[in-house]
Each structure stands twice: as C-alpha cells, then as structure tokens.
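Chains as they are written, first to last, in our numbering: chain A, 1 to 232; chain B, 1 to 167; chain C, 1 to 542.
Hints were generated in silico from the structure; no laboratory data involved.
A few of these clues could be false.
Only part of the chain C face toward chain B is listed, based on derived beta-carbon distances under 8 Å [what the hints assert, rightly or not]:
#1 Cys60
#2 Phe202
#3 Tyr239
#4 Ile276
#5 Ser356
#6 Ala360
#7 Phe446
#8 Val523
The beta carbon of each residue, even a glycine, is placed where N, CA and C say it ideally should be.
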Amino acid sequence: MPRLTLTINNRSVSARRGESILSAARRSGSDIPTLCNLGGLIPAGACRVCLVEVAGYPRPVPACATRAEQGMVVTTDTERLTAARRMIVELLLAERNHSCAVCVMNQHCQLQDLAARLGIDHVRFAFISPLAGVDISHERFGIDHNRCILCRRCVRVCDEIEGAHTWDVDGRGAASRIICDLAQPWGTSATCTGCGKCVQACPTGALFEKDAPTKKATIDMERLSEWRRSRK
Amino acid sequence: MNVHDSHRADDRHRALERVMQQHRLRPDSLIEILHAAQRQFGWLDRDVLGLIAARLRLPPSLVYGVASFYHAFRLEPPGRHRCTVCTGTSCHLKGGSRLLQQLEQHFGIACGATAPDGSLTLENVRCLGACGLAPLIVIDDEACPHASFGPVVERLTASLDGEDTSP
Amino acid sequence: MKTPEPKNEKPTVCGGGLKISVCLGSPCLASGAEGVLRALREAWGEKPIAVIGTGCMGPCSRGPMIRIERDGYPTAYYERMTPQAACTTVAAYLAGAAPEQGRLAPDFPFIALQTRVVLEQCGRIDPCDLNSARAAGGYRALAHAIGKMTPEQICCEIGASGLRGRGGGGYPTGTKWELVRAASGRRKYVVANGDEGDPGAFMDRTLMESDPHRLLEGMAIAGYAVGARDGFIFVRGEYPLAAQRLGAAIVDAGKAGLLGRNILGSGFSFRIRLRIGAGAFVCGEETALMASVMGRRGQPVIRPPYPAQRGLWGSSTLINNVETFGCIAPIIRNGAAWFRSVGTPGNSGTKVFSISGDVATEGVLEVPLGTPLRELLAMAGGVSGGSFKAAQTGGASGGCIPASHMDVPVDYESLKGLGTIMGSGGLIVMNDQRCMTDVARFFMHFCQDESCGKCAPCRTGTQQAARLLDRIAAGEATSDDISQLEQLCRFMRETSLCGLGMAAPTPVLSTLRWFREEYENHVRDRRCPAGVCAMEGTPCRD
Ligand SMILES: Cc1cc2nc3c(=O)[nH]c(=O)nc-3n(C[C@H](O)[C@H](O)[C@H](O)COP(=O)(O)O)c2cc1C
Ligand code: SF4
Ligand code: SF4
Ligand code: SF4
Ligand code: FES
Ligand code: FES
Ligand code: FES
C-alpha cells in the first residue's frame, strides 16, 4: 500500500494515501478532539473542533475531513486552536439546554468531556434556551432535542450504515431540527428498524435508550461499515 | 370535501404525476417536482411529500428535509391573499423592515404567518432585484414600488373586503 | 454609452425611420412598462413606427424607460413614462419635435459614460427574439469557436484575456476552464451560477432577462472548450422573468440549431437545462449549488475536492458566474488583447455594478475595472438625501468604503485592501442619515437566516452575533459586548466551513474598522447618532 510521510506536532508520521490527518495523528499519539466525526461514517467536517493548522494554509482545516499529504506540517494544539475549540463548545452549550446534572449521559457525554478537557467553567454567551422538545413515542428510544448539537451522526449512521435514512434535518440555520420521516413522532416511523445505531452514535444525551439509565457509545462503527462494504 | 373538490384534487394529482413522469422519476429532480407540486396544490402537505417520496423512491425524511430547507416551499397552507415585503439591503435602508413591522402590528400576524381566518399571509423576501424601487412590496403577485404604510394597508384592506366569500 | 471597438452594428431603424424601444426589464415592468408598450402598440404599432420591447436600459429607478431613435435626430431616452405621456411624446416626434418633458439629457452620465461589453446588447435587442439577438452579432462567437478553434486554443484565449470570475472570488477563468478541460472522465458539466442571492445585487438578473442568448452562447463555448455536453443554469427563484426568458431562449436556440444536438452541423452537442432555485442564499456557494442542482439540501461540503475535480454526480464540473459567461463571446469575437486593453493590468475587462441606495439614479452600470468609486457615484448622479457616508460592496459578505477612500479604484485587490470585497457587483450607497451599526445588524440577521446550519461556528455564531448587535441597537450593550462581538467575528471568519460563514462577519468588522465611534455612541451614550436605532429594548425578531 502506498504510504506517505508528514509531520504532526514535530513528529514524523507515516500515513496511508487517502488517510485523514485525524487518523494519522491519533496513531502517532496526538489526540485531536472531535464531535461530529465517527469512524466508519463519511466525515462531515461540521463541528470544527478538530481544526488543525497546516503550514502554508491560510486557515485551519478539519483534521477529520482533510487528507494527509506528503510533507504536510501539521500542528494540532496551538493557542489559536484551543481558543477556537473553546469558543465552539461554549457556543454549543449556549445553543440548546444542556443541564448535565439531570442528563442520561452525565459522565459519558462527549460534549461534556470536551468542555472539561478545555477547562470551560463558564459560557460567555447568552443562553438561547429554545423550547426544543422531546419525543419519547418510540417504544425503546427517545430523542431530546434540548441536548442535540446537530452533529448529524444519527442521520449519517442511519443512512450510511443501517440504510434506513429515518433521520434528516428540518429547516436550516439555528432553526434546524433533527426529524424522523415526515417530521413525525419516532414511534410512528415507517422506516426505523429499531436497530439502535443512532442511539449509540449520538455523542450527547440527545438520543437515549429509555430503560438504560446511562449509555455509552459502544458500537464499533468501523467494523460495521467494513461489513457493509463487503456486502456490496 | 364535495365531489367537485375531489375531482379537482384528482386532476392535480394527475398533473403532478405527469410532471414526475416527465422527470422520469429521477431523484435529482426533487426540487423541480416540489416546485410543480406547490404550483398545483398551493403548498406542500405531508401527504403530497409522502407521495413524492414514494414515487421517487426517496426516504421521506430526505424529502421533508429538502422541502423545509428552502424558503420557497410552504409547509403550511397560505392565506387567500399574500403580502410579501422586501427586506433586502436597499429596501431595508429605505424603510422596508419598518414597514414589515408596522404591517405585522396592524394585521396582528407575524412575518411568515397566516391570519387565523386564512385571509392573509405576511412574508418577507431578501431582495427582488429591483432595488431602484425600494421599498418594494408584492401583493398577490403584483409589485407596489416605493411602498408606504398607508396605501399598502388601504390596498390590502380593499382586497380583503372585496373578497368573494360566497361558496 | 460606448462599446469598445471593434464593433459593427447594423441600424435597425425601419420604415419612417422611427424606432421606439420600451424597457421590459422587471423593475420597469413593476413600474408599469407593459401599459406603456400596449398603449404605443395600439396607437402605432404598425409601420412606419417600430415599437419593440427590450431588456433593461440601465437607469431602472427612472422607469418605465423608453428610447426613441430617429434618423437625423440624436437618440433620446425618456424616463418615468405613463401610457399617455409616451403617446404624447411619440406624437410630438412624428410632428417633428422632440419634447423635453421626461427626456434625459443627451449626455446623461448614467448612460453616456458606461462601457458596455457584457451588457452590450441589453436594452437594445428584444430578449424574446432570437433574430434580434443574431442580428446584433449573437452566436457569431460560438460559430467561430467551434468552426475555427480547438478547445485548447479557447482555454488559452480566455486565459490570455485575463478574465477573472465575476461571482466574487476573482479566480482566473482560463485556469478554471483548463482544469476542467484537462480533467479525465467521460461526462463533464458546465454550470452557470445565476443564484445572485446577495441582497442588493441585480446584475445577473439584468443580463439573464435582457440578453439571455449571451449567456447561452458563453456556456456553449465553455462546453465545447472543456468537453462537456450538458449545462445547467441555476436561476434564483425570485427571478421568474429571467427563468421564463431563458427557458424560451433555450427552446429558440435549439430550434435554430445553435444548441442541442450537432450544433451548426459541427458534430458538437450541448444541451442546457434550467434549474430554478428555491430561496437560499447559500446556494450561490458552488458546492451548495451543486447539491441543489442534484435535488438535495443546499448544504456546502468541504473542498477539496473542487468542482473541477469532482462536481455534479462525481464528474468534473465547470461553475462560472452568469456575468463571467457574458464576457466570453466578446473575447472570442474581438480577441484577448482587446479585452486586456479594457480595465487595468491584472483586472482586465469591465464589471457590471448594480448601484442602489441613496443615489440619484439607481440601476445597472458597466464600467472598466479600476474605475474610481467616486466616478461611479458621479455617474449615478451623486448621493441623494444627504452627504456620502459609505458604500457597501459585496453585500452581506462584503464591507463598506468610507468617504475617506472614495477615490479607490474598484478592482479586486484595492477593495480587498480596504477590508471589503468586489463581490458580485452590488453597490449600495448610504448617506449620512444611515446608521452603520444598523447596517451591520441587518446583514448579520440576513446571514443568520441564510446559514445552512451545518457547521457550528456559522450556525451558532451568526445567532449570537445577531443577538449582540440587537443589544447594541437597543442601547443595552456594554463595551464588553463590542469586544466579544469582535472576537466572535474573527472566530467565525477563521473556522466556518464555507464562504457564507467565513464572510458573514465582514460587514461587522468593516463597520467596526471605519465607524467604531458609532458603535461606541450606541453603547456608551445609548444614542444612535443617525437616529435609526430605536434604543428601546431588544426588538425581538428572527
Ligand atoms: C455564500 C456564497 C454565496 C455566493 N453567491 C454567489 C452568487 O450568487 N452568484 C455567483 O455567481 N457566485 C456566488 N458565489 C461564488 C461561487 O461560489 C463561485 O465562486 C462562483 O460562482 C464561481 O464563478 P466565477 O469563477 O465565474 O466567479 C457565492 C459564494 C458564497 C460562499
Ligand atoms: S434505530 Fe436504527 S433505523 Fe431507527 S432511526 Fe436509529 S439508526 Fe435508524
Ligand atoms: S441527535 Fe445526537 S447524533 Fe443526532 S445530531 Fe443531535 S447530537 Fe448529533
Ligand atoms: S458556514 Fe454557514 S452556510 Fe457554510 S456550511 Fe457552515 S453553517 Fe452552512
Ligand atoms: S470532528 Fe472534524 S469537523 Fe467535527
Ligand atoms: S432590496 Fe428590495 S428589491 Fe433589492
Ligand atoms: S429595467 Fe428598465 S431600465 Fe432597468
């Protein structure tokens, strides 16, 4: 397999052609934070917390969606990047209603983890506090839009892996909402197979399993998508 | 729904089906087909969206997602009259946004909403490309250049009053 | 009005030598041009007077416009015509007098000082009549290109002309064409970006409505040059007339063998389809535009791959702005050197501007690139209702130019140096009655409405920035809010996924750069110097 070499945080790293900066960096021990990325899904480059600096590029690029190139010089932890990541997490915390203490995902939430890792103890911005709604019509699962960060991992996993495409996004901009089928209660969905992948894929407490007090992302998406590709 | 209405509904469905066939049921013609459906029905209700999804073999959520992304598609029935206020840059500078606010207050409906009796929909658009006529308002497809509050209300009230309410 | 040489125009004046053109651009139609045309046709219509409908003549705010040409008389433009006034004017002409009522001065700068290359035939030909376009030289460049030039030569010629994309970025068009030409793959596409979502811009609408064949010709030449057989025109949904005229033009051109299969018997085939937008500014962004053409949500995706590498349905795709395509035929007809002779080095050719706001005449102007802003203003008759305060270029993605820089030559680099952009050509002039904080707030709300919502910085950032600006406008902000706004804006510019989010902060940063004091007035003194902001609590709007 053709390989290439690049520099990540002053360390020389070898990568497969076509591999993302993120995956090369992780292998070399540089942990870049992510939110919207999930191994096995097509990268969206949407949350922007994985931004890294590449020498010669005018702006930071998302590590999850940018291919490693021969000779690239990448830095994953600069003051500018940390400030940007902090800003993103604060903005996400202010966007909906994240009351961690009463969340099913408390202690297992990737948003919460990232906030802790970045040392965020207060949010500079006004809390928008929208009335986002909860849908518990599905017999086993529920979705709490108050905790959704619109990463679309659920949309992608349901489409790309499960092939059901139950989820999509309603509206746009700040008014975007994750919807099921024709914006109907999940329990009435004609497409959902009840596989639970979206629940596993969700980084926050937005999608949850009703009778599990806490959940943890356990599913091995990487393996699943391998399996799906082999079937095609 | 009386017999007459259901005939009309059938005609509309037939017309929509024709358009879908013209596009050979290609999923990438979804937006064209949504435009056509809206021309037929005036708005896009869930039945129509579900029908389109089924005919084009697209997931329903994808069709809904597309319809809700674009401002031109209505997911709620519009009023019998429509007043569209331009709030593009020139129109904003020349009072378009203020005019919209005044109209909202006067008719008691928010921008984007329809009066409870279904008589009037108030909406905005970001520039109609005729900025020399700012502020510009469109009432039932008819442009009113250099609009101001008094005359617009007069026009609208006249259309609302002149409405034929007999069945 | 001058059109740079060389040029050969046959006089189309017929019969008794009186030719009347009525502008049927959508602004003039909105002001009642149809009634004027009908009245004139009813009254005369037959020979010896030819009454034709044309596209936009330029000074749209003075519509309905008519033009009267008569042998032995100078061409005369009449403004703000009513059916009656138009008939009286024409009757006077027939009686041998040219009435002054409503007549624009013969050297009316808005018209006389333009240099028309792209809009050469706008307002001259009947946009609904292919013969009218052909009589004025339409499709001659296409015939020459497919008959006498190789695709390589065309790309080379476009490259040599120095033409840069008119959609805003100013990317060299020749380079882009060459990339697509050299790309492998059986299928390729050509897309004309006619989304023009920038509020206050209407150059592309003008061209599409007034000379649709110019766009079709440019696209067909592009198709031949890059090896594509299919083209799409993405027309903004708010422009029904443009879509209608383009649709008719495509049919007419197809019937005449100028589009479709085996064009002019050359073996080259090129089909053009229309796609009507559905109201989303972000669809002007090329990856979002392609998603929309393929029937999906208009959400941008990360580049690379660029459309030239992987575009529509995975094939190499050429995307250019409508005006860019409008430059192609003249370049092929007159040569790259001629095009370079217009404008300035590095900024060759002309640019069409739609000028509106506080000026005496609002409408469409075409001038050589590098023309000073002051001159553009003078052509539009100067600032109205007060003294000049600022001009916004590039719409919601651009910034403003303050009075101290009125002499800036309008070209890609000079505008960038002032912290704004050329953008697509919308130029909004503001007098001293305008509040710059309010303008910034307006644009931020626009961007919030138009954000696709995919990436976090733009979706949440525009929302928070709009809130901060609301607070400033309401007199509720503290000086911390200004610095927070500034921070947020720099952050969005650096981290957003697509050009919308990256550029959304520009109006704020630009007004902060030139008019910071006004922000401080709002915050420190709780006062809006221009008296625009109400200062009475947060106006709750979304
Ligand atoms: C948010 C956004 C909106 C845009 N809107 C337009 C537009 O309305 N028309 C246009 O031609 N280009 C627009 N562009 C630029 C296009 O993405 C693209 O660069 C252009 O069409 C390329 O054509 P050109 O090389 O001829 O300029 C927009 C870009 C962004 C980021
Ligand atoms: S449970 Fe499975 S099928 Fe149902 S929405 Fe989630 S991922 Fe899709
Ligand atoms: S529900 Fe969960 S997975 Fe889906 S978009 Fe929201 S946060 Fe992401
Ligand atoms: S910058 Fe805005 S418009 Fe662009 S992808 Fe992000 S959210 Fe969408
Ligand atoms: S993880 Fe890379 S952009 Fe979200
Ligand atoms: S701003 Fe209203 S028409 Fe352009
Ligand atoms: S539309 Fe008539 S002059 Fe522009």
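Now for the hints, and whether the structure bears them out:
Of the supplied interface hints, the one on Cys60(C) holds, with its beta-carbon coming within about 4 Å of a beta-carbon of chain B, less than 8 Å. The interface hint given for Phe202(C) holds, since its Cβ lies 4 Å from the closest Cβ of chain B, which is under the 8 Å cut-off. Among the interface hints, the one on Tyr239(C) holds; its C-beta lies about 6 Å from the nearest C-beta in chain B, closer than the 8 Å criterion. Interface hint at Ile276(C): satisfied, since its Cβ lies 6 Å from the closest Cβ of chain B, which is below the 8 Å cut-off.
About 4 Å separates the beta-carbon of Ser356(C) from the nearest beta-carbon of chain B, less than 8 Å, and the hint is met. Hint on Ala360(C) is violated. Least Cβ distance to chain B is approximately 11 Å, over the 8 Å limit. Look at Phe446(C): its Cβ gets to within about 6 Å of chain B, closer than 8 Å, so that hint holds up. Against a cut-off of 8 Å between C-beta atoms, the interface hint on Val523(C) is violated, since the closest Cβ of chain B lies about 22 Å away.
Taken one by one, the earlier hints fail for this structure at numbers 6, 8, listed in ascending order.
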